[in-house]
Amino acid sequence: KAGVTQTPRYLIKTRGQQVTLSCSPISGHRSVSWYQQTPGQGLQFLFEYFSETQRNKGNFPGRFSGRQFSNSRSEMNVSTLELGDSALYLCASGIWGEETQYFGPGTRLLVL
Amino acid sequence: KQEVTQIPAALSVPEGENLVLNCSFTDSAIYNLQWFRQDPGKGLTSLLLIQSSQREQTSGRLNASLDKSSGRSTLYIAASQPGDSATYLCAVRDNYGQNFVFGPGTRLSVLP
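Residue numbers (our numbering), protein chains in the order written: chain A, 1 to 112; chain B, 1001 to 1112.
Note that these hints are calculated values from the structure, not bench results.
None of these values were measured; they are calculated from a predicted model.
Incorrect hints may have been included.
To be verified - Derived pair list, reagent style DSS-like, types lysine-lysine, alpha-carbon separation capped at 30 Å:
#1 B:K1001 - B:K1068
#2 B:K1042 - B:K1001
#3 A:K13 - A:K57
#4 A:K13 - B:K1042
#5 B:K1042 - A:K57
#6 A:K57 - B:K1068
#7 B:K1001 - A:K57
Next up, chain A with everything else stripped away, as it sits in the complex:
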C-alpha cells in the first residue's frame, strides 16, 4: 500500500506570495491532518479534515486554510507569505476513530 505523498517536496517563494501544498492520503484513509514544523516552535497542529469537513483547527492565523476533496486528497493554502512561514509542512492520514497517524515526508517551504 502506498504511503502518504506530499507535493511538492521543496518550494521557494517570496514574501507576499501565496502557496498551495498537496497531500494524498493512504488509500482508504479519510482523515487528513496538517502540521507545521519549525526549529523554534517545533511541531504544531494546523487543522484536521474528515469527509471534506474541517474537524479541528489549531491556533494559526486565517492566512492558513485548507480543504479536502471527495477522494480524501487535501490541500493547504497559505496566503500573503511571511518569512516566518518557512517551515516543514507535514501531512498525516488516518482512519477516523483510530489513533495512529501516518505521516508523509513533508514539504519544505522557504520564504525569501
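Guided by the hints, dock chain B onto chain A, whose structure is given.
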C-alpha cells in the same frame, strides 16, 4: 493550554546501552499519548500509542509507560543500536479539541 516538554533535548550513547527518554505534560486530561521517531528530513513514524486507560505499551526493544496523574511518560529503548539514531517526539491528544500537542523532541545519537 496543554504543554509538552521532553528531557533531555539531546543524548549521545554508545551502542548497546539501555536508555530512557522522558516526556511531561501539564494537563492530565488526555485521550492518549503517542511516541514518534523522526529521521532527518523525513516525516514521523509512529512507535507506540498508549491510551489514557493504559499504563504501558511494548514493541520489540521499545517500552513506553504512562503515568497520567503525574503527567509523565517514558520511552525505554533496550540495547540501543546506531539505527536508533533519530529525534524522538511525544505527542498527547487531549480530551477537548482532540488536537495533538507535540513535545520539542529528544535528539538521540547511538555511537557504534
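Now the hints, each set against the structure:
Between K1001 of chain B and K1068 of chain B the CA atoms are separated by roughly 16 Å; this keeps the pair inside 30 Å, and the hint holds. Between K1042 of chain B and K1001 of chain B the CA atoms are separated by roughly 28 Å; this keeps the pair inside 30 Å, and the hint holds. The suggested pairing of K13 of chain A with K57 of chain A holds, with an alpha-carbon distance near 25 Å, which does not exceed 30 Å. Using a Cα cut-off of 30 Å, the hinted pair K13 of chain A and K1042 of chain B holds, with the two alpha carbons roughly 21 Å apart.
At roughly 24 Å between alpha-carbon atoms, K1042 of chain B and K57 of chain A fall within 30 Å of each other, so this suggested pair holds. Between the alpha carbons of K57 of chain A and K1068 of chain B the distance comes to roughly 25 Å, so the proposed pair stays at or under 30 Å and holds. For the given pair, K1001 of chain B sits about 14 Å from K57 of chain A by alpha-carbon distance, which is consistent with the 30 Å threshold.
Hint check: no violations occur; every hint is consistent with the structure.
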